[in-house]
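Please model the complete structure; the sequences and the hints are all you need to start from.
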Amino acid sequence: MRLHLVSDVHGAVEPLRQAGQDADALICLGDLLCFLDYFDHDAGVFGSLFGPDAVARLVELRTAGNFDEARAWSRSLWAGLPDARTAMDKAIDGQYAELFAAMPTPTYATYGNVDIPDRWAEHAHAGVQILDGEVTEIGGLRFGFVGGGLPTPMRTPYEISEDAYAAKVAALGPVDVLCAHIPPAVPGLTYDVVARRLERGSLALREAILEHQPELMFFGHVHQPLAGRCRIGRTECINVGHFARTRVPYVLDL
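So this note's numbering is basically just the index in the sequence shown, starting at one, shifted up by 71.
Where hints are given, some of them may not hold.
Stated by the list, open to error - Pairwise CB distance ranges, derived in the manner of DEER restraints:
hint, residue 1, residue 2, range
1, Gly259, Phe110, 20 to 28 Å
2, Asp154, Val265, 34 to 42 Å
3, Glu131, Glu282, 37 to 45 Å
4, Arg267, Asp111, 15 to 23 Å
5, Ala150, Arg300, 40 to 48 Å
6, Glu282, Gly151, 47 to 55 Å
7, Leu269, Arg146, 38 to 46 Å
Claimed, not checked - In silico SDA-like pairs for lysine to any residue, Cα to Cα no more than 20 Å straight-line:
hint, residue 1, residue 2
8, Lys161, Tyr229
9, Lys161, Glu193
10, Lys161, Asp108
11, Lys161, Arg133
12, Lys161, Ala235
13, Lys161, Leu148
14, Lys161, Thr176
15, Lys161, Phe106
16, Lys161, Ala173
17, Lys161, Val84
Think of the hints as simulated: they come from the structure by calculation, not from any bench.
Think of the CB as a built atom: it goes at the ideal place given N, C-alpha and C, for glycine as much as any other residue.
So, in structure tokens, the structure goes:
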């Protein structure tokens, strides 16, 4: 059985459509939406609503770590729209409609920290199984899925408390393959060499790996990692890549 895995799709509709080709199933580890494109300032929700100059300023502030000033700049942009909520909802729903339509049958998906869970059911077709703190069988193996991220200064849409995240990890129990959007809390896996900062990794994921020793653990979230993979005990932990940039899925042959 051949599985293709992607994460951090960030609005890449056509590459996502192609990612399912020649695979028996697609696994998507979240961050479907593109709110802010650090490379293409015309793209994403912010680019379409506010233009590249406004996005460039926001990227500059975030990159410098000035998160309070970045939030103030963002609020000023939204305040300038006559109906900000409607504009945002339309942009988000438009992206989700195209992204879920591009997913093959079957697709197994969990949320990223930049996703909005309550919008998924509205757009996912019957061939997409959404899993968060849940286990499913794929190719005779138990795959456990944990979605979302932990609190950060970015305040992205689906950040939950460490206790809530740990409860979802604990609900899985022993699995053969562990899948999450964020990595376990291992410095090499969480450090982004371009952003030059540590992203939030999960202690609960690391503890579950040490306790249950699944054969494989897959994740995304860190776009330019210091280490793309490492071994914890017998578990091989693998970052499947920043799909919005690579356009190439990770291939797993069972």
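Do the hints match the structure? See the list:
no.	hint	in the structure
1	Gly259 with Phe110: 20 to 28 Å	holds, 24 Å
2	Asp154 with Val265: 34 to 42 Å	holds, 36 Å
3	Glu131 with Glu282: 37 to 45 Å	holds, 43 Å
4	Arg267 with Asp111: 15 to 23 Å	holds, 21 Å
5	Ala150 with Arg300: 40 to 48 Å	holds, 44 Å
6	Glu282 with Gly151: 47 to 55 Å	holds, 51 Å
7	Leu269 with Arg146: 38 to 46 Å	violated, 27 Å
8	Lys161 with Tyr229	holds, 19 Å
9	Lys161 with Glu193	holds, 13 Å
10	Lys161 with Asp108	holds, 18 Å
11	Lys161 with Arg133	violated, 25 Å
12	Lys161 with Ala235	violated, 30 Å
13	Lys161 with Leu148	holds, 17 Å
14	Lys161 with Thr176	violated, 26 Å
15	Lys161 with Phe106	holds, 13 Å
16	Lys161 with Ala173	holds, 19 Å
17	Lys161 with Val84	holds, 17 Å
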